[in-house]
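With chain A held as given, fit chain B onto it using these hints.
Protein chains: 2
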Amino acid sequence: MDNKMMLMIPGPTPVPEKVLQAMGKHTIGHRTAAFSAIAKDVTAGLKWLHQTTGDVLVVAASGTGAMEAGMVNFLSAGDRVIVSDNGKFGERWVDMARAFGLDVDEIKVDWGKPLNPETFREKLEADTEKTIKAVVVTHSETSTGVLNDLQTISGYVKSHGALMIVDAVTSLGASPVPVDEWGLDVVCSGSQKGYMMPPGLGFIAVSQKAWQAYETAKLPKFYFDLKAYRKNAAKDLTPFTPPVNLYFALQAALEMMQAEGLESIFARHERLTRATRAGMQAIGLPLFASDESASTAATAVLGTDVLDVEKLRKFVEHKFDIALAGGQDSLKGKIFRIGHLGFASDRDVLTGVAAIEAAAIALGHQPPSPGAGVAAAAQVLG
Amino acid sequence: MDNKMMLMIPGPTPVPEKVLQAMGKHTIGHRTAAFSAIAKDVTAGLKWLHQTTGDVLVVAASGTGAMEAGMVNFLSAGDRVIVSDNGKFGERWVDMARAFGLDVDEIKVDWGKPLNPETFREKLEADTEKTIKAVVVTHSETSTGVLNDLQTISGYVKSHGALMIVDAVTSLGASPVPVDEWGLDVVCSGSQKGYMMPPGLGFIAVSQKAWQAYETAKLPKFYFDLKAYRKNAAKDLTPFTPPVNLYFALQAALEMMQAEGLESIFARHERLTRATRAGMQAIGLPLFASDESASTAATAVLGTDVLDVEKLRKFVEHKFDIALAGGQDSLKGKIFRIGHLGFASDRDVLTGVAAIEAAAIALGHQPPSPGAGVAAAAQVLG
Numbered sequence: 006m007d008n009k010m011m012l013m014i015p016g017p018t019p020v021p022e023k024v025l026q027a028m029g030k031h032t033i034g035h036r037t038a039a040f041s042a043i044a045k046d047v048t049a050g051l052k053w054l055h056q057t058t059g060d061v062l063v064v065a066a067s068g069t070g071a072m073e074a075g076m077v078n079f080l081s082a083g084d085r086v087i088v089s090d091n092g093k094f095g096e097r098w099v100d101m102a103r104a105f106g107l108d109v110d111e112i113k114v115d116w117g118k119p120l121n122p123e124t125f126r127e128k129l130e131a132d133t134e135k136t137i138k139a140v141v142v143t144h145s146e147t148s149t150g151v152l153n154d155l156q157t158i159s160g161y162v163k164s165h166g167a168l169m170i171v172d173a174v175t176s177l178g179a180s181p182v183p184v185d186e187w188g189l190d191v192v193c194s195g196s197q198k199g200y201m202m203p204p205g206l207g208f209i210a211v212s213q214k215a216w217q218a219y220e221t222a223k224l225p226k227f228y229f230d231l232k233a234y235r236k237n238a239a240k241d242l243t244p245f246t247p248p249v250n251l252y253f254a255l256q257a258a259l260e261m262m263q264a265e266g267l268e269s270i271f272a273r274h275e276r277l278t279r280a281t282r283a284g285m286q287a288i289g290l291p292l293f294a295s296d297e298s299a300s301t302a303a304t305a306v307l308g309t310d311v312l313d314v315e316k317l318r319k320f321v322e323h324k325f326d327i328a329l330a331g332g333q334d335s336l337k338g339k340i341f342r343i344g345h346l347g348f349a350s351d352r353d354v355l356t357g358v359a360a361i362e363a364a365a366i367a368l369g370h371q372p373p374s375p376g377a378g379v380a381a382a383a384q385v386l387g
Numbered sequence: 006m007d008n009k010m011m012l013m014i015p016g017p018t019p020v021p022e023k024v025l026q027a028m029g030k031h032t033i034g035h036r037t038a039a040f041s042a043i044a045k046d047v048t049a050g051l052k053w054l055h056q057t058t059g060d061v062l063v064v065a066a067s068g069t070g071a072m073e074a075g076m077v078n079f080l081s082a083g084d085r086v087i088v089s090d091n092g093k094f095g096e097r098w099v100d101m102a103r104a105f106g107l108d109v110d111e112i113k114v115d116w117g118k119p120l121n122p123e124t125f126r127e128k129l130e131a132d133t134e135k136t137i138k139a140v141v142v143t144h145s146e147t148s149t150g151v152l153n154d155l156q157t158i159s160g161y162v163k164s165h166g167a168l169m170i171v172d173a174v175t176s177l178g179a180s181p182v183p184v185d186e187w188g189l190d191v192v193c194s195g196s197q198k199g200y201m202m203p204p205g206l207g208f209i210a211v212s213q214k215a216w217q218a219y220e221t222a223k224l225p226k227f228y229f230d231l232k233a234y235r236k237n238a239a240k241d242l243t244p245f246t247p248p249v250n251l252y253f254a255l256q257a258a259l260e261m262m263q264a265e266g267l268e269s270i271f272a273r274h275e276r277l278t279r280a281t282r283a284g285m286q287a288i289g290l291p292l293f294a295s296d297e298s299a300s301t302a303a304t305a306v307l308g309t310d311v312l313d314v315e316k317l318r319k320f321v322e323h324k325f326d327i328a329l330a331g332g333q334d335s336l337k338g339k340i341f342r343i344g345h346l347g348f349a350s351d352r353d354v355l356t357g358v359a360a361i362e363a364a365a366i367a368l369g370h371q372p373p374s375p376g377a378g379v380a381a382a383a384q385v386l387g
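As you go down the protein sequences, you meet chains A and B in turn.
So for the first sequence, the working numbering puts the first residue at 6; every next one is plus one.
So for the second sequence, the working numbering puts the first residue at 6; every next one is plus one.
Treat the hints as calculated values from the structure; they're not laboratory data.
All figures in this text were calculated on a predicted structure; none of them were measured in a lab.
Beta carbons: idealized from backbone N, C-alpha and C, even for Gly.
Just to be clear, a hint being listed does not mean it is correct.
Claimed, not checked - Restricting the straight-line Cα-Cα distance to at most 27 Å, the calculated cross-link-like pairs of lysine-lysine (DSSO-like) are:
id, chain 1, residue 1, chain 2, residue 2
1, B, K9, A, K45
2, B, K163, B, K52
3, B, K316, B, K93
4, B, K240, A, K93
5, B, K93, A, K93
6, A, K45, A, K30
7, B, K93, B, K113
8, B, K45, B, K236
9, A, K232, A, K135
10, A, K23, B, K9
11, B, K93, A, K240
12, B, K45, A, K9
13, B, K240, A, K316
14, A, K236, B, K339
15, B, K163, B, K214
16, B, K337, A, K45
17, A, K240, B, K316
18, B, K223, A, K223
19, B, K337, B, K118
20, B, K240, A, K319
21, B, K232, B, K163
22, A, K163, A, K93
23, B, K9, B, K337
24, A, K232, B, K236
25, A, K163, A, K223
26, B, K113, B, K337
27, B, K163, A, K93
28, B, K339, B, K118
29, A, K232, B, K223
30, B, K30, A, K319
31, B, K93, A, K236
32, A, K232, A, K52
As the list claims (entries may be wrong) - Derived, one-sided and incomplete: chain B residues facing chain A with beta-carbon distance under 8 Å:
id, residue
33, M28
34, T32
35, S67
36, G70
37, G106
38, G195
39, T221
40, A222
Just chain A, same shape as in the assembly (with noise of 0.2 Å):
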């Protein structure tokens, strides 16, 4: 039906009318004061929902420029990195790193496991010397729907003295990332994941031990140079034209995640994934990702023998108007992914379940018992 597609990808999200609103209002000139108070409000905002006292900065661009800006400002070219692949991101930020001429130590592990952080600390115990600049871990793999157990090997990176750098994309205001508590030195995310807003800003968390590094890096920057932002976040502006409009979504989205909580959005995360887990084992559809590694943005979910994931997808869309994701790169056609971050209540995951039930069933699959995937979602939404 015309305009009446429901998202649940892993983003861009679904964005409340709110949002939406404050993003149409008239665009107003970034030099003045009425601009200058939403800049800091939105910076005590980003804090709070970064559980940190450090600088969490905006940039104009996408998550991938977000962690470019990770990566330029506090790197040298032949610095050895290790850089964690276990997914269509994890890959992304080895080509990164090597773009910019880092001396990548690559970690890969099959996409769907989860990074195993004892490979990490052999690593870095192993490095005496010292030569490991900086360790780069996806934390939520938005291509698996595998949630990385970030605590630990963060743990292991603060013992060995290199720079934590994260992208929490598709993490944050979904699962607890508290920057200071775990001792993350930089943190990367995007506006259209957790943020409930349309894509087009970035988001940098900045650690003391970050800043430091920054002073010896050598990588060339200037658009994404997080100097200028914190020089100018300091008073209230931006280094450069910031768009306007989705700072006035931020501020309206930031205000609707304050007014819910943290403990609340994680715990809505936490639910809503374990009823579409749930959901899918009931319809009798084998989940990609372990109950263990489970990411809290996106659910990943294999295809059987009978069932296509592609022709599911397909038909979840014409005949109901739910957009899901496919798998990407080599799980093209293996997998299929359900959003559920964001501005995702119980009721979007109970459609859901009820639409790939009905889909799965009408393309020849035989669940074990017919609305056994709905009762299921149900029991754990309570």
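Coordinates of chain B only, in the frame set by chain A:
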């Protein structure tokens, strides 16, 4: 009056209701037929606006990000580049080029004066060894209201063989920038100016010659690697999540521009510029740029012994709810700037001139004859 501010700064510029409403629609997935249809439409519109059959690529960034993309894709560290500086933005490109390790040959001219094409000709003709790889020119210098003679400079650059890299941030959509006809190789702009959109998108037109330079350019890049954008644009996709809602806005804005027509758009901007200048002169306020080098984006006006420009700006803002821009850096307190680009009409200029005249009188300035400013502007507007 609350919520009543009218933007007469050189960016962000006023956004039409149609564009705001398009932007406020629900976000859609960026890997869908619906988004690709928009991307396709937008690409065609951008080529029309740039008067080119070559590529025009879109990045999620401000105009400065677009300029960075325009440099890092086509040059290598140590490359000799001529960078012109007759205002704050020229100065920024000098800083940017140095940040990327380019060998900067600066052509510096007093702020408020236009670049002299002969200086370029001499430098380029003297370079028989062809060590100059690129020439960087700010077409419309927003900080001073000066339009540089890009066409003549580009002719000299073309004869030499270097790349012509242009900041057209406040000229595109306000003055003719016929990319193919003038032989411009890289043309960068941002959405919050002539495009009548909020900030957040950057645009880069790339010639065949520039793509050849890309093949040997060694500056590191990833987020701004334009080859990835070109490859995806060929399939109406983007390499990274695009700011979907800003694409909605861009589509609506380009549609409005195409309905108006390029000739009408340029004639309107030229008329508004002349009317603004006639109004200021009739009030007895000195213009900063000459008639020959007047930018169609903004008019810079000097204060007098009696009239403090910052007092004038504040008066106009508080009494008449019109935002004017001040001077930047060394021009702070010396000039104020009236923006008349993008979604600016005859009424806007009439209103702006009337408000400035009233404010000037209230602050003790004696115009030759009260009301003369509005009368002079109206006469030009016809």
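In ascending order, which of the hints set out earlier in this document are inconsistent with the structure?
5, 24, 27, 39, 40
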